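Please construct the entire structure, taking both the sequences and the accompanying hints into account.
Read top to bottom, the protein sequences are chains V and D.
Take the first sequence: its letters are residues 347 to 660, numbered as in my numbering.
Take the second sequence: its letters are residues 347 to 660, numbered as in my numbering.
Careful: at least some of the hints might be erroneous.
In silico EDC-like cross-links for lysine to aspartate or glutamate, where the CA-CA straight-line distance does not exceed 16 Å [said to hold, decoys possible]: (1) 446/D - 385/D; (2) 401/V - 374/V; (3) 410/D - 366/D; (4) 566/V - 576/V; (5) 566/V - 584/V; (6) 634/V - 437/D; (7) 401/D - 374/D; (8) 495/V - 493/D; (9) 547/D - 578/D; (10) 410/D - 365/D; (11) 629/D - 514/V; (12) 634/D - 437/V; (13) 629/V - 514/D; (14) 566/V - 578/V; (15) 495/D - 493/V.
I should point out that these hints are in silico values taken from the structure, not numbers from a laboratory.
Quantities reported herein were computed from a predicted structural model and do not represent experimental measurements.
2 protein chains.
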Amino acid sequence: MLYIGIDLGGTGIKAGVVDEQGNILIKDSCPTGSERGYEAVIHDMANLALDIVQKGGYSMADVKAIGIGLPGVMDQRTGRVPFCTNLSWHDVPLVEEMAKYTDVPVFADNDATVAGLAESVAGVSAGCKSSVFVTLGTGVGGGVIIDGKVFTGSHGVATEIGHMVTVDNGLQCTCGKRGCWERYASATALVNEGRMLCALKPASTLMQQVNGNIRKINAKHVIDLAKEGDPECARIFDGYIHHLVVGLSNLINVYDPEIIVLGGGVSHAGAFLLNAVRARLPKYVFFKDLPYARVELAKLTNDAGIIGAAMLGR
Amino acid sequence: MLYIGIDLGGTGIKAGVVDEQGNILIKDSCPTGSERGYEAVIHDMANLALDIVQKGGYSMADVKAIGIGLPGVMDQRTGRVPFCTNLSWHDVPLVEEMAKYTDVPVFADNDATVAGLAESVAGVSAGCKSSVFVTLGTGVGGGVIIDGKVFTGSHGVATEIGHMVTVDNGLQCTCGKRGCWERYASATALVNEGRMLCALKPASTLMQQVNGNIRKINAKHVIDLAKEGDPECARIFDGYIHHLVVGLSNLINVYDPEIIVLGGGVSHAGAFLLNAVRARLPKYVFFKDLPYARVELAKLTNDAGIIGAAMLGR
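Following this line, the structure appears as structure tokens:
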């Protein structure tokens, strides 16, 4: 059987035909154009899906399911999307709308969940019964696999790991709370710390790196300078690793997965990130003598969204 | 079929014969006497189990399994107890030792897990597929049920929810980390805050309550005075509720259970506790518009250990 995976993002829609093993057979993309409203976006998703099936010489009769990964929340009971901030979606009847264009069953889930599922089928956590995928991007997202299945909880609001409070009364979060993990462990946290450094020390190497324009600072600037031994960026990176590892140890305390997979922008720091996490984690783990999750970097990068979405229907 | 449930505590061993529905048919107890070493304690557990079966007129042939709840960690893969601080146990071969006295299969788990299982079979969370039981006692323990089964994670180190960090760089915890939830949400936290109050304000009502002996302060003193409107204890209780609810909202973010059950000493505060938690939780929940776990008080009190342990073998 074949599956269609759709990676719905704020700027583009990517879709692919995927086989049972998670291999992409054909893929294509189009712009999202979310300003046109959800009906037009969903229509384009359906068209893109039907298109690639035809282009690849397949038949919709061979397609068992369509899966969609989206940068928001999916209510599995209703088939509706309660929130999707990047697309300005609010209470969108995604499954119902897709059904206008195809009879194939439609599944959808959060993009971090989908990326975690992709890794567990065809990536670094393949073969593991339980895994936690952590996206370190603009925010911090989570995709949790328990007993080989996507874990979504009872009301579909589980795995909002980025909004776990690790710093009581800490930085204000967009969610209304204070001290959520993602305020400290996201790429955004590195950017904010970098900007703070430049504001306080205009002569810093980081400031030179961005030609005095602190708006240009991204996480990679900070990480690369830390890697090169710049003491100020190294200090920022060290603080980042502390907060990251506090949250990872919390995840071990609650989920105790076989593996934790780090994905998202910050994970492109590669071994520099991984080694720092692995060096510090043992001190933060509750049972010092017992085995616990190994930490790895995500393997599938750009295609994870398509593969994982496709696997939702498997 | 019948099950034997054994509640192994620091001071006493309680055992009961339990039916399929979680009803205790007969029970008995004896002192633990852990200073005699694990062999003697386990021998007594086995004797107590065989005794009640005989006294109740049952036969061991009708007993499907023996379950044990203990105040420590159980390694399900090895059948050994790596740690059990209250009993001074370290790497005890519990299952192997029990097998010297009976051929019936033996299961064991942490006491909070066992109490959560009891509630989910015969208590307030009966009928729920997923629940999180939180014991608010000397520490904070957790018993997590997912899809009707005890959730223990991949290495048996999951559900150490009390050692989730909620206050980065906060109070030193016995586990070596700082700012673990149980340092703020346990009965011990209320006691410590009460003692601090009395040290700073010797004229406080709390100090009068314990006749000037701050060692006598327990959580109930603080809670009762808060209930009566004593402003200082009310402030302590309010701070306690804040920390409790921060952790509960983290549990909702990661587990998204149908129900959260509050047990342990602090839960005896009853409606006073429950109403305070329910009033504050909505502000701390990530998705303000979506349904989430309801919070309830534990129903089974003293018998939860026996019932839950018995149900381990079901």
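Structure-based check of each hint:
no., hint, verdict
1, 446/D - 385/D, "11 Å, holds"
2, 401/V - 374/V, "10 Å, holds"
3, 410/D - 366/D, "10 Å, holds"
4, 566/V - 576/V, "13 Å, holds"
5, 566/V - 584/V, "15 Å, holds"
6, 634/V - 437/D, "14 Å, holds"
7, 401/D - 374/D, "10 Å, holds"
8, 495/V - 493/D, "12 Å, holds"
9, 547/D - 578/D, "10 Å, holds"
10, 410/D - 365/D, "10 Å, holds"
11, 629/D - 514/V, "14 Å, holds"
12, 634/D - 437/V, "14 Å, holds"
13, 629/V - 514/D, "14 Å, holds"
14, 566/V - 578/V, "14 Å, holds"
15, 495/D - 493/V, "12 Å, holds"
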